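A.B. asks: One letter stands for each residue in the lines below.
There are 2 protein chains.
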Amino acid sequence: MSVLNKATFNPRVVSAEYAVRGAIVLRSNEYQKQLAAGAELPFDKIIPCNIGNPQILGQKPIHFHREVLALVNVPGLVDHPEAPSIFKEDAIARAKHYLAKIPGGTGAYGHSKGHEVIRHEVCDFLERRDGYPADPETIFLTDGASQAVQGILRALIRDENDGILVPIPQYPLYSATIAMNGGSLCGYYLDEAASWGTSTDELKRAIEAGREAGKEVRALVVINPGNPTGQCLSENNMRDIVQICKDEKLVLMADEVYQENVYTEDKHFVSFKKVLKDMGPDFDDVELASFHSTSKGFTGECGRRGGYMELVNFTAEAMEQFYKMVSVNLCSNIEGQLMVGMMTNPPVEGDASYESYISQRDGVLESLKRRALKLVAAFNELEGVTCNAAEGAMYTFPKITVPEKACEEAKERGMAPDAFYATALLDATGIVVVPGSGFGQEDGTYHFRSTILPPEEAIDEVIEKTSKFHAEFMDKYR
Amino acid sequence: MSVLNKATFNPRVVSAEYAVRGAIVLRSNEYQKQLAAGAELPFDKIIPCNIGNPQILGQKPIHFHREVLALVNVPGLVDHPEAPSIFKEDAIARAKHYLAKIPGGTGAYGHSKGHEVIRHEVCDFLERRDGYPADPETIFLTDGASQAVQGILRALIRDENDGILVPIPQYPLYSATIAMNGGSLCGYYLDEAASWGTSTDELKRAIEAGREAGKEVRALVVINPGNPTGQCLSENNMRDIVQICKDEKLVLMADEVYQENVYTEDKHFVSFKKVLKDMGPDFDDVELASFHSTSKGFTGECGRRGGYMELVNFTAEAMEQFYKMVSVNLCSNIEGQLMVGMMTNPPVEGDASYESYISQRDGVLESLKRRALKLVAAFNELEGVTCNAAEGAMYTFPKITVPEKACEEAKERGMAPDAFYATALLDATGIVVVPGSGFGQEDGTYHFRSTILPPEEAIDEVIEKTSKFHAEFMDKYR
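So the protein sequences, as listed, match chains A and B.
Using the UniProt record's numbering, the first residue of the first sequence is number 1, and each one after it goes up by one.
Using the UniProt record's numbering, the first residue of the second sequence is number 1, and each one after it goes up by one.
Hint data in this document are derived by calculation from the structure and do not stem from the laboratory.
A few of these clues could be false.
Which copy is meant is left open, so a pair is good if it fits within one copy or across any two.
[What the hints assert, rightly or not] Calculated cross-link-like contacts (lysine-lysine; reagent style DSSO-like; alpha-carbon spacing at most 27 Å): (1) K324 <-> K411; (2) K6 <-> K277; (3) K88 <-> K60; (4) K267 <-> K246; (5) K6 <-> K374; (6) K96 <-> K45; (7) K101 <-> K33; (8) K96 <-> K60; (9) K249 <-> K411; (10) K399 <-> K374; (11) K267 <-> K215; (12) K468 <-> K405; (13) K101 <-> K45; (14) K33 <-> K96; (15) K277 <-> K246.
Small disclaimer: the values here were computed from a predicted structure and weren't measured.
Use the sequences and the hints to build the structure in full.
C.D. replies: The following block contains the structure:
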């Protein structure tokens with residue numbers, strides 16, 4: 001007799017779902033092993049479009065950042081006579097700066113909020129970005145943005161009567177964490193017909209519905225640019241959202257990890273911090289937690305688990321509790337912290353690494369834009385498929401029509417129709433996408449999320465294989 | 001009106017305490033700032049003995065490990081013509097090996113359990129250590145051992161009726177995490193008079209007491225070597241513990257992060273995995289989670305946040321839930337994973353770095369042993385103080401007599417007597433220790449925990465300052 005089985009495991013954990021690494025990904029791992037063992041399959045490789053993981057698909061890291069990491073890690077390397085033949089002079093200078101400011105170096109625990117030298121770099125970045133001062137005491141460096149989001153949700157959720165407003169579709173970190181903490185997810189729908197826009201009427205409806213169901217609605221999650229939906233909010237829209245947070249007493253959780261990833265000419269990223277501050281001192285009681293990460297943008301350093309959150313307008317009592325929560329983890333990993341420092345304080349004009357930095361940055365962003373346009377255009381060519389522009393982030397989220405006969409077969413197998421479609425796509429092509437049911441969607445609609453991250457030469461292959469599969473799938477179940 | 005203040009914050013978080021980074025540490029941070037600003041204080045530096053953080057006190061990192069980290073991080077560095085003039089040949093070979101086995105390198109998300117190449121290194125290490133096979137599917141690489149412990153407790157605790165057996169004194173990660181998850185801590189006392197031993201009678205008493213209070217007792221935490229108490233369990237004692245877990249249906253949580261840190265000639269570390277397997281197939285239904293970390297031992301890489309857990313004898317259903325839990329975090333930081341790889345698979349005889357590795361390893365361990373002996377001897381010289389030998393781990397935990405008058409003054413200030421003592425010690429000397437009340441202790445007894453980590457020349461200073469302070473404190477309140 002075991003202590004832990006499915007019936008005796010914490011039921012909040014059992015109820016949580018996380019499709020980005022769910023059944024289809026496990027199936028693709030099996031195929032990967034079979035291919036490695038020389039098996040004959042309908043495809044010769046797995047193309048992972050399920051997760052925003054740029055470097056696994058060949059994106060090169062920013063060279064300056066990596067040089068600094070190497071230099072801080074090897075004792076004495078900054079002063080080694082051969083160092084200048086390998087490392088750029090600004091990387092050596094930066095490493096010396098960090099070593100002077102970080103007691104014990106990368107191998108020691110640091111302050112639970114993160115090293116001050118990095119929190120200052122973040123604040124300087126925020127001030128340049130928003131035009132408003134930022135206080136290092138309000139910055140928490142975290143093991144990726146996921147950890148920060150989990151911390152805020154843990155603070156907010158006392159029991160199942162606490163509700164959190166989350167967009168549908170959403171990134172499943174939110175639904176999974178709310179489930180694990182035993183809270184209630186109050187969904188508000190993004191409007192696919194209006195480029196996945198957020199309407200205040202829909203937000204108010206969702207708040208009302210939550211309250212009618214007996215929930216104390218405590219926070220509003222906004223993902224901007226959107227994941228999986230890619231939309232980029234307008235400032236007008238953002239002001240309305242801040243106003244609702246004030247009127248309805250909601251903590252605003254702004255997931256802004258894709259702030260560097262905007263691909264349309266007529267839109268640009270504006271932070272909720274700036275919008276809130278622009279609205280004046282009347283709004284200094286709106287509590288805002290904003291999240292950023294080294295994993296996205298053009299940095300793409302996912303494996304580093306670097307990130308930060310800024311906590312604006314929280315009470316001193318709440319700040320003290322947040323500090324205690326992170327102190328139980330001692331500190332986030334120091335190299336993730338350094339990566340946050342380099343992301344927010346990159347080489348500037350005149351530095352030895354500046355040109356290479358700019359060329360890497362622009363190369364990645366321009367290429368992502370080309371790939372986003374190409375994929376969206378291709379999906380819109382498919383029978384029964386419509387796909388909004390990917391204004392930002394790293395994903396396309398096409399709406400697909402699943403034929404009646406395919407829906408029936410999916411039902412027989414106990415699968416959602418879009419999970420059935422995504423599984424068939426994997427089986428036929430080796431391409432891994434995540435079904436829309438993993439993110440939430442309006443009843444009766446079906447989608448999948450595909451990243452735009454395969455390298456440009458591979459994007460054509462993804463398009464060709466997906467198109468061929470789609471035509472055959474539609475014919476088979478027509 | 002704010003959403004989050006102390007009254008509206010998740011009360012489970014509010015109730016949690018974490019003294020290792022508590023009020024005395026915050027006070028020492030303030031002193032640190034004052035010293036940096038040129039203030040005149042009774043001391044000229046802060047000596048942090050509150051936390052097992054070796055590198056902040058000057059312990060050097062293992063050079064091989066750091067070379068490998070540098071080499072894997074800079075694209076092309078392993079093949080750079082100047083690399084051999086800086087890096088040892090075995091470090092270059094190891095870096096090439098990792099780069100070949102880790103798709104996307106250190107900047108990509110990896111498998112949620114951690115990269116397979118590292119999990120295999122861990123299994124080889126476990127097989128050498130225990131003489132029993134280990135399965136990479138049962139290894140989870142984590143952001144330090146803390147994250148692993150938190151995961152197991154989250155799995156076990158459904159509500160306040162679930163009880164976890166925790167030693168008193170204990171490392172406050174356990175009490176804090178149990179509080180945050182809303183479970184119940186069922187304390188069992190270690191016997192100070194018997195070198196902080198664990199008696200089965202006391203364990204049975206604690207289980208009974210928990211059940212009488214209506215708790216379902218689900219797991220038993222054992223810290224071996226002990227933190228803060230430093231004791232090293234005998235195999236006999238461990239067999240009794242495993243038997244109790246079988247008889248009482250308890251998950252055994254074995255915190256073995258100090259397994260390299262044993263300082264007595266007549267004792268050595270034995271893992272619970274080995275003891276359990278030695279007891280034969282009848283015990284293959286005892287669920288064991290064991291934890292290890294790169295932060296302790298002679299590696300001391302705290303800032304890396306590297307660690308692993310091995311899950312033995314858990315059901316397939318439970319393993320699936322654990323996998324889902326970690327997948328929500330995507331993966332632990334890759335450099336922490338690599339550090340686990342190097343800790344478990346260090347240079348061997350014949351490798352270019354072998355001699356330097358051995359010399360660093362033995363140098364650290366021998367010095368820690370000298371420091372442990374010296375500190376314990378010195379504490380036993382103080383009036384009203386007794387201190388058990390630090391058989392292992394990184395701490396001394398002396399019992400102090402706090403005079404009646406000092407207890408009264410502490411009470412007036414709303415402090416525990418040993419917190420009052422530790423605060424006075426900090427104010428007089430700059431030495432930071434953690435009061436015993438932060439770990440739990442028998443009612444009416446008082447202790448503090450001091451690490452043995454200050455470098456040897458500083459240990460004398462710690463002893464001298466503490467002795468002078470202690471004499472004055474005793475005189476003042478006599």
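A.B. asks: Please go over all the hints and tell whether each is borne out by the structure.
C.D. replies: Against the structure, the hints:
Taking the shortest Cα distances, K324 and K411 sit within 27 Å of each other only across copies (24 Å), while inside one copy they are farther apart (47 Å). Taking CA atoms no more than 27 Å apart as the test, K6 paired with K277 passes between copies only; the shortest distance there is 25 Å, against 48 Å inside one copy. For a Cα distance limit of 27 Å, the shortest separation of K88 from K60 qualifies both inside one copy, at 18 Å, and across copies, at 26 Å. With identical chains, the CA atoms of K267 and K246 are at most 27 Å apart within one copy only, with a shortest distance of 26 Å there and 63 Å across copies.
For the identical chains of this complex, K6 and K374 are neighbours neither inside a copy (44 Å) nor across copies (51 Å), given an alpha-carbon limit of 27 Å. For a Cα distance limit of 27 Å, the shortest separation of K96 from K45 across copies, 23 Å, qualifies, whereas the shortest one inside one copy, 43 Å, does not. With identical chains, the CA atoms of K101 and K33 are at most 27 Å apart between copies only, with a shortest distance of 14 Å across copies and 45 Å within one. Within a single copy, K96 and K60 get their C-alpha atoms as close as 25 Å, and across copies as close as 17 Å, so both meet the 27 Å cut-off.
Proximity of K249 to K411 under the C-alpha cut-off of 27 Å is found in neither arrangement, the shortest distances being 42 Å within a copy and 40 Å between copies. Proximity of K399 to K374 under the C-alpha cut-off of 27 Å is restricted to the intra-copy arrangement: shortest distance 16 Å within a copy versus 71 Å between copies. Taking identical chains as interchangeable, the C-alpha atoms of K267 and K215 are never at most 27 Å apart, the minima being 36 Å within one chain and 57 Å between chains. With identical chains, the CA atoms of K468 and K405 are at most 27 Å apart within one copy only, with a shortest distance of 19 Å there and 86 Å across copies.
In this assembly of identical chains, the alpha carbons of K101 and K45 lie at most 27 Å apart only when taken from different copies (17 Å versus 46 Å within one copy). Proximity of K33 and K96 under a CA criterion of 27 Å is satisfied inter-copy only: 22 Å between copies versus 44 Å inside one chain copy. In the homo-oligomer, the alpha carbons of K277 and K246 lie at most 27 Å apart inside one protomer (13 Å), although the nearest pairing across protomers, at 60 Å, exceeds that limit.
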